[in-house]
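2 protein chains.
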Amino acid sequence: MNNIRLIEIGEEIHGDNKREASRVRSLLDSAGTTMINLMASPGAGKTSLILKTLEALKVDSPIRAAVIEADMDSMVDSEKIAAAGIEAVQVRTGGFCHVDAWMVMKTIQTLDLPQIDLLILENVGNLICPAQFDTGADVNVMILSVPEGDDKPLKYPLMFRECEALIINKIDFLELTDFDMKKLQDRVLRLNPDMKIFEVSCRTGEGISRWSEWIVSRIAARSAARLKP
Amino acid sequence: MNNIRLIEIGEEIHGDNKREASRVRSLLDSAGTTMINLMASPGAGKTSLILKTLEALKVDSPIRAAVIEADMDSMVDSEKIAAAGIEAVQVRTGGFCHVDAWMVMKTIQTLDLPQIDLLILENVGNLICPAQFDTGADVNVMILSVPEGDDKPLKYPLMFRECEALIINKIDFLELTDFDMKKLQDRVLRLNPDMKIFEVSCRTGEGISRWSEWIVSRIAARSAARLKP
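Same order as they appear, the protein sequences are chains A and B. Each position in the first sequence, counted from 1, maps to that position plus 108 in my numbering. Each position in the second sequence, counted from 1, maps to that position plus 108 in my numbering.
Hints listed in this document are in silico derivations from the structure and should not be mistaken for laboratory results. A couple of the hints might just be wrong.
As the list claims (entries may be wrong) - These stretches of chain A come out as covered by chain B in the derived footprint (C-beta under 8 angstroms, 3 or more residues):
{"id": "1", "stretch": "174–188"}
{"id": "2", "stretch": "233–241"}
{"id": "3", "stretch": "259–271"}
{"id": "4", "stretch": "279–291"}
Cβ coordinates follow ideal geometry from the N, Cα and C atoms, glycine included.
Working from the sequences, and respecting the hints, build out all of it.
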């Protein structure tokens with residue numbers, strides 16, 4: 109085992125990344141942009157949730173949004189976002205299994221940030237590495253889809269600790285599985301007692317409005333904090 | 109972006125890992141053990157598939173099996189395997205998002221390999237990094253579950269290229285999704301024309317026997333190759 113070498117390299121990278129994340133945060137702050145870092149397993153419904161959320165926000169509020177799509181390969185997701193008339197930037201991470209603050213910095217430098225109220229980063233589909241890298245986002249959000257099972261907090265505790273909100277997607281699949289919602293919630297709250305939990309189905313639209321309202325309140329709270337003397 | 113440094117480190121590690129994987133392969137070979145490296149997203153059904161497969165093999169053949177369970181944290185999966193009366197070893201990878209050949213070497217040194225015909229490694233739930241590390245296994249197998257969607261070959265091409273067999277699990281969920289089996293198969297075969305594809309449901313048991321028969325034939329082929337003068 110030569111794990112120790114790997115771990116040291118990792119720590120050095122994490123320190124540099126933290127500093128770059130602070131620079132991202134300053135840029136977002138002076139532009140008045142709220143950034144959400146959305147993380148989940150492959151296929152949990154990240155792109156679907158973004159589309160449903162922005163659709164809901166368009167109806168209820170004048171929020172101007174843009175999306176950063178990160179993927180190892182392919183433009184599939186950014187094409188879906190652009191097709192819905194929303195500004196999308198694709199980041200191809202190559203072999204990288206997560207988004208770090210340097211990738212975000214490089215991306216936001218191509219955007220007209222003062223024209224964007226809400227910037228959503230769709231991170232790479234992965235429950236492990238993305239949780240280890242601060243992207244500079246204001247809010248970390250994760251999706252867990254019902255078919256993945258209720259034991260995920262036991263296996264990926266860091267992800268559940270690093271997020272402020274958990275969206276449980278595909279609740280329309282509940283009857284086909286032995287997913288125990290009470291057990292899941294207990295496991296999540298033991299790791300992260302302040303976690304906001306939203307039960308949604310991107311397919312049926314159930315639960316989307318409650319989640320979207322929370323996003324609006326989060327943007328408002330950030331603006332209020334910025335206006336404080 | 110300081111990606112270049114990261115990539116160089118990765119290449120060095122991959123070279124060392126390849127050599128350690130060869131040593132794992134020699135050990136398995138002299139013991140007559142066939143090793144399967146099972147990879148998938150979190151919640152795709154790795155542990156369920158292992159349990160169903162070993163149940164099927166127990167009925168039809170005298171194959172002696174053991175399981176290596178790799179997880180970032182928790183003993184959940186190895187407890188399930190042990191509860192079914194199968195030898196299980198848990199590897200806790202700590203922050204690591206994949207299993208490498210050093211971890212396998214350390215683990216198989218604790219096993220009585222000549223008493224094991226089939227060794228199944230349940231890799232960490234992740235479609236990215238595990239595909240980049242040779243574990244020393246004879247066969248790489250991946251699971252894709254229907255709720256994850258039919259676009260995964262576009263997003264995680266390396267995983268589909270590195271595997272010899274693909275198990276499409278949760279086919280009992282097909283009617284609840286817009287998963288297009290034909291489209292999926294076309295995408296997979298474009299990346300990997302020799303991929304063996306098995307459609308199964310671990311919940312209903314559908315398709316498990318065909319897959320189990322393939323495993324038996326794979327073990328037999330390996331034994332025959334070993335006996336050749």
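Now the hints, each set against the structure:
With 5 residues bearing a CB less than 8 angstroms from a CB of chain B, the stretch 174–188 of chain A meets the requirement of three and the coverage assertion stands. Note: the stretch 233–241 of chain A has 6 residues with beta-carbon separation from chain B under 8 angstroms; the three-residue rule is met and the coverage holds. Residue count for the stretch 259–271 of chain A with a Cβ under 8 angstroms from a Cβ of chain B: 7. That meets the three needed, and the coverage hint holds. Interface restraint, the stretch 279–291 of chain A with chain B: holds (3 residues with C-beta to C-beta distance below 8 angstroms; minimum three).
When held up to the earlier numbered hints, the structure conflicts with none and fits them all.
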